[in-house]
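S.K.: Listed below are the residues making up each chain.
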Amino acid sequence: GEDVEQSLFLSVREGDSSVINCTYTDSSSTYLYWYKQEPGAGLQLLTYIFSNMDMKQDQRLTVLLNKKDKHLSLRIADTQTGDSAIYFCAETFAGNNRKLIWGLGTSLAVNP
Amino acid sequence: GAGVSQSPSNKVTEKGKDVELRCDPISGHTALYWYRQSLGQGLEFLIYFQGNSAPDKSGLPSDRFSAERTGGSVSTLTIQRTQQEDSAVYLCASSPGQDRVEQYFGPGTRLTVT
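First to last, the protein sequences are chains G and H.
Note that the first sequence covers residues 710 to 821 in our numbering.
Note that the second sequence covers residues 359 to 472 in our numbering.
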């Protein structure tokens, strides 16, 4: 079935790395996404990865995918207070019109 | 360029009234999605439009919900006889379609049913 799970909270100090984790159950996932939602704002696409890749890097963001364990992570290097937000993991899978199946989101708090 | 826009940004309505929510996708995007974000359910898919194909309505929670997309561009989500459980943020996303898989979201419409 379709299920995406994330831990609900993460707290880090400014300048440290943050690692946000996500697990999914559908082995036919084709794309996995990370979105960011700041308070009162819409969803911002951060990055996505195709399921036959195991890593993708974009500036301070590194996505790691372990398809065997169905585990996805987002690493934010040199975390800043502006990174405080809710981070959503989402997946799409073959044949579902690419509708996004979402986790409940991880609230990242960055402490100065 | 212009992103996805939605209107109104906030809507307060009485239980039993009908509401219409509007989405203007990014110009040239062929795919359009509606999602709902609520405290109890998180983010849920509602409906998907792709070009002139029949929409995927598999996420609509009841027959009180309907949506249309005119001319392959603007979309309207209609909720009839609103209930308190319909209170949520309704989000629209558009995607370039074809081989492109990114979905870009609008700011949402916050619906409150009193």
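Keep in mind that the hints were calculated from the coordinates and are not lab data.
You may find that some hints are simply not true.
Said to hold, decoys possible - Here are a few chain G residues that face chain H, going by a calculated C-beta distance under 10 Å:
| hint | residue |
| --- | --- |
| 1 | Phe718 |
| 2 | Ala786 |
| 3 | Ala799 |
As the list claims (entries may be wrong) - If you want a taste of the chain G side facing chain H, the calculated C-beta under 8 Å gives, among others:
| hint | residue |
| --- | --- |
| 4 | Tyr740 |
| 5 | Ile795 |
| 6 | Phe802 |
| 7 | Arg807 |
| 8 | Leu809 |
| 9 | Trp811 |
Glycine included, C-beta positions come from ideal geometry on N, C-alpha and C.
S.K.: If a hint holds in the structure, say so; if it does not, say that too.
M.R.: How the hints compare with the structure:
no., hint, in the structure
1, Phe718, "violated, 15 Å"
2, Ala786, "violated, 23 Å"
3, Ala799, "holds, 8 Å"
4, Tyr740, "holds, 5 Å"
5, Ile795, "violated, 11 Å"
6, Phe802, "violated, 12 Å"
7, Arg807, "holds, 6 Å"
8, Leu809, "holds, 6 Å"
9, Trp811, "holds, 4 Å"
Against the hints set out earlier in the document, violations occur for numbers 1, 2, 5, 6.
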